[in-house]
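Let the hints inform the model, and build the full structure from the sequences given.
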Amino acid sequence: MTNGPSSDNNPIGRQLNEAMHAEHQAEQGKLDYMRGQLRGHDLDVGGFMADMIIERAQATLDYQRWSLDAPDRTATPKQIDAVYDQQYPQHVIIAPDAIRDIRLSRNPSTFKAIDKVCDLICSAVAKRLPRSVDAYKPSQDQIVEILEIPDLGSVKVEISHTGNVFSEISRVSGEGFEIWNCRESGRVYKSRYNDTGMPFEVTYGDLKLSLYNDESGLHVEHKGVHYSSRHSHTLTPEADRFNICKAPDVRAALEGKSVFEQRWGTDANELLESLERPLELNWNGCYDQVLEGLSEHVLPKICAVPEVSEQIRTRDADKPYLEQYGPLYAWVPFNDLRKYNATGGDITRLDPEEQAILRPGKRFIAYGEGLPETPDFAHNGFIWLGMGEAKENTSWERYEIDGHTMGSSMSEYRNQLVRVVPKNAEELYVVDYGPLEAFRDNLAKTTDQRRMSDEQWNKIAHETALTIVPIDEYQGSYSRPVVLSARPINVDEIIPVEGVVYEPERF
Numbered sequence: 001m002t003n004g005p006s007s008d009n010n011p012i013g014r015q016l017n018e019a020m021h022a023e024h025q026a027e028q029g030k031l032d033y034m035r036g037q038l039r040g041h042d043l044d045v046g047g048f049m050a051d052m053i054i055e056r057a058q059a060t061l062d063y064q065r066w067s068l069d070a071p072d073r074t075a076t077p078k079q080i081d082a083v084y085d086q087q088y089p090q091h092v093i094i095a096p097d098a099i100r101d102i103r104l105s106r107n108p109s110t111f112k113a114i115d116k117v118c119d120l121i122c123s124a125v126a127k128r129l130p131r132s133v134d135a136y137k138p139s140q141d142q143i144v145e146i147l148e149i150p151d152l153g154s155v156k157v158e159i160s161h162t163g164n165v166f167s168e169i170s171r172v173s174g175e176g177f178e179i180w181n182c183r184e185s186g187r188v189y190k191s192r193y194n195d196t197g198m199p200f201e202v203t204y205g206d207l208k209l210s211l212y213n214d215e216s217g218l219h220v221e222h223k224g225v226h227y228s229s230r231h232s233h234t235l236t237p238e239a240d241r242f243n244i245c246k247a248p249d250v251r252a253a254l255e256g257k258s259v260f261e262q263r264w265g266t267d268a269n270e271l272l273e274s275l276e277r278p279l280e281l282n283w284n285g286c287y288d289q290v291l292e293g294l295s296e297h298v299l300p301k302i303c304a305v306p307e308v309s310e311q312i313r314t315r316d317a318d319k320p321y322l323e324q325y326g327p328l329y330a331w332v333p334f335n336d337l338r339k340y341n342a343t344g345g346d347i348t349r350l351d352p353e354e355q356a357i358l359r360p361g362k363r364f365i366a367y368g369e370g371l372p373e374t375p376d377f378a379h380n381g382f383i384w385l386g387m388g389e390a391k392e393n394t395s396w397e398r399y400e401i402d403g404h405t406m407g408s409s410m411s412e413y414r415n416q417l418v419r420v421v422p423k424n425a426e427e428l429y430v431v432d433y434g435p436l437e438a439f440r441d442n443l444a445k446t447t448d449q450r451r452m453s454d455e456q457w458n459k460i461a462h463e464t465a466l467t468i469v470p471i472d473e474y475q476g477s478y479s480r481p482v483v484l485s486a487r488p489i490n491v492d493e494i495i496p497v498e499g500v501v502y503e504p505e506r507f
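Our numbering applies: residue 1 is where the sequence shown begins, and numbers increase by one.
Check each hint, because a few of them may be wrong.
Distance ranges between label pairs, derived from CB positions [stated by the list, open to error]:
id, residue 1, residue 2, range
1, T446, L61, 51 to 59 Å
2, G176, R251, 19 to 27 Å
3, R359, D472, 16 to 24 Å
4, M34, L254, 44 to 52 Å
Calculated cross-link-like contacts (lysine to aspartate or glutamate; reagent style DMTMM-like; alpha-carbon spacing at most 20 Å) [unchecked claim]:
id, residue 1, residue 2
5, K116, D81
6, K127, D336
7, K459, D402
8, K208, E175
9, K137, E353
10, K423, D472
11, K116, D85
12, K112, D85
13, K190, E307
14, K190, D62
15, K223, D288
16, K116, D141
17, K137, E426
18, K319, D472
19, K362, D336
20, K223, E184
21, K112, D288
22, K362, D402
23, K190, E27
24, K319, D141
25, K223, D240
26, K301, E148
27, K116, E184
28, K112, E296
29, K78, D101
30, K127, E178
I should point out that these hints are in silico values taken from the structure, not numbers from a laboratory.
Beta carbons are placed, not taken as given, at the ideal position from N, Cα and C, and that holds for glycine.
Take a look at the structure:
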């Protein structure tokens, strides 16, 4: 491992460390520029080779940067004022140690009025939550709060986090209105993550507007029918979207008709007239109607509710990982292990979004599998962790993990066994693979089936999912326990195990 100059209690070392980080930042800028030049050009094989060269250079640059001591990530007052300028969504909170690396561009939006009122609504909602949006713990599941607003009823608020950098209100919905924030604002973190805190879809009454920064057409949904135009503010229905319309009266009217199989024509006009839907809409009229509804009927009612006087500003303490839960292990691809080798497990050398060495990926049960009553949680992505002590210089076969090792990326790449030493027990669960393996063994002994039928798999997968419990509730009774992590495992939570490597077969 190559380390940069130590900056501990050494002013010269600190200055040299910052200079080396500045040099790497300049090199990163050159790579980002090259990516920008290639983007949007179909260069065939040449473009593919250029991408490979750039990614190899990026990997080298990352390794060199990780080997340095942690940079000074303290933002100046000027930088803080710039990222929170009024032109950007005010309901979004940016991680303090990421502000220095935010690149700003002026938002090109032509929807400034509706962008502003949507931001005012989201900001007003944020001030009435029990905690600030960055004080909610990241989760694969929706982070949801319900606010009771007089004359609006129950207002559902969804909160999201992006790359440990941006925390925001992603959706606000109540009776007769909805704001879905999923549009880039112009704030970009290191060319990796965009702030998407601006409205992408806005609904009021029977109208839903779709907003695009690149002005690639104007789109309105009115009572289930989609209208659009790429050239003017006169919107006409999209014939090819009738087949996805969910409005019951439209679905009923389509029975036996092929209107969505052909281009726009007379049959579609007659269909719309029979449904008392307009044959065209005016964008400005729809826009003004939604803007007026949000400004005069939604925002004032939210603002009439008092703000929370003492919002919680920090996340709740994590559940501790107790010794009684036992040791864990996992497999890490060699390419990903570079991050540990460069830092020695020092997480402070990594940018906020780089700190994970393993991330949840494979779903426990794929969507469409299991039974209708299978818990939604079982369709989340997880990291599979083995339970038990990992010993050095032993055969990798001893550390196969039920449900994970074979048939996954493990069979394609060189992997290193690592001990997992969790910093906390958050989002760690235990599942029993015993019943599943027993079912497979019995099937092999009593039938000629080479694989389970879909019906058999869905049933046993559902039964296995029902054994999932939080690790702090596990009683130790499972015959083949496996730990599932629904959160990332960070670099400072692993220790490589010497001499235990999985080598994929080469043919």
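These are the hints, each one checked on the structure:
1. Checking the proposed 51 to 59 Å range against T446 and L61 shows it holds: the Cβ atoms sit about 58 Å from each other.
2. Restraint check, G176 to R251: a C-beta distance of roughly 22 Å satisfies the suggested window 19 to 27 Å.
3. Separated by about 23 Å at the C-beta atoms, R359 and D472 satisfy the suggested range of 16 to 24 Å.
4. Between M34 and L254 the beta carbons are some 50 Å apart, a value that agrees with the proposed interval 44 to 52 Å.
5. Taken as a hint, the K116 and D81 pair is honoured in the structure, with Cα atoms around 19 Å apart against an allowance of 20 Å.
6. The suggested pairing of K127 with D336 is violated, with an alpha-carbon distance near 40 Å, which exceeds 20 Å.
7. This hinted pair checks out: K459 and D402 have alpha carbons roughly 18 Å apart, not beyond 20 Å.
8. Restraint check for K208 and E175: the C-alpha separation of about 14 Å stays at or below 20 Å, so the hint holds.
9. Restraint check for K137 and E353: the C-alpha separation of about 15 Å stays at or below 20 Å, so the hint holds.
10. Restraint check for K423 and D472: the C-alpha separation of about 14 Å stays at or below 20 Å, so the hint holds.
11. Simply put, K116 and D85 have alpha-carbon atoms about 13 Å apart, close enough for the 20 Å limit, and the pair holds.
12. For the suggested pair K112 and D85, the alpha carbons sit about 15 Å apart, so the restraint of at most 20 Å is met.
13. About 34 Å separates the Cα atoms of K190 and E307, which puts this hinted pair outside 20 Å; it is violated.
14. This hinted pair checks out: K190 and D62 have alpha carbons roughly 13 Å apart, not beyond 20 Å.
15. Between K223 and D288 the CA atoms are separated by roughly 17 Å; this keeps the pair inside 20 Å, and the hint holds.
16. At roughly 29 Å between alpha-carbon atoms, K116 and D141 are farther apart than 20 Å, so this suggested pair is violated.
17. With a C-alpha separation of about 10 Å, the suggested pair K137 and E426 falls inside the 20 Å cut-off, and the hint holds.
18. As the CA atoms of K319 and D472 are separated by approximately 9 Å, the hinted pair is consistent with the 20 Å bound.
19. The suggested pairing of K362 with D336 holds, with an alpha-carbon distance near 17 Å, which does not exceed 20 Å.
20. Of the supplied pair hints, the one linking K223 and E184 is violated, its CA atoms being roughly 27 Å apart against a limit of 20 Å.
21. Between K112 and D288, the direct Cα distance comes to roughly 12 Å. Compliance with the 20 Å bound is thereby established for this hinted pair.
22. Between K362 and D402 the CA atoms are separated by roughly 13 Å; this keeps the pair inside 20 Å, and the hint holds.
23. A C-alpha spacing of about 13 Å is found between K190 and E27, which places the hinted pair at or below 20 Å, so the restraint holds.
24. Pair hint K319 plus D141 holds up; C-alpha atoms about 18 Å apart against a cutoff of 20 Å.
25. Distance hint between K223 and D240 is fulfilled; the C-alpha atoms sit about 16 Å from each other, no more than 20 Å.
26. Pair hint K301 plus E148 holds up; C-alpha atoms about 11 Å apart against a cutoff of 20 Å.
27. Taken as a hint, the K116 and E184 pair is honoured in the structure, with Cα atoms around 14 Å apart against an allowance of 20 Å.
28. Only pairs whose Cα atoms come within 20 Å are accepted, and K112 paired with E296 is accepted, the gap being roughly 17 Å.
29. Of the supplied pair hints, the one linking K78 and D101 holds, its CA atoms being roughly 13 Å apart against a limit of 20 Å.
30. Among the hinted pairs, K127 with E178 is consistent with the structure: their alpha-carbon atoms are about 18 Å apart, no more than 20 Å.
Hint violations for this structure: numbers 6, 13, 16 and 20, all remaining hints satisfied.
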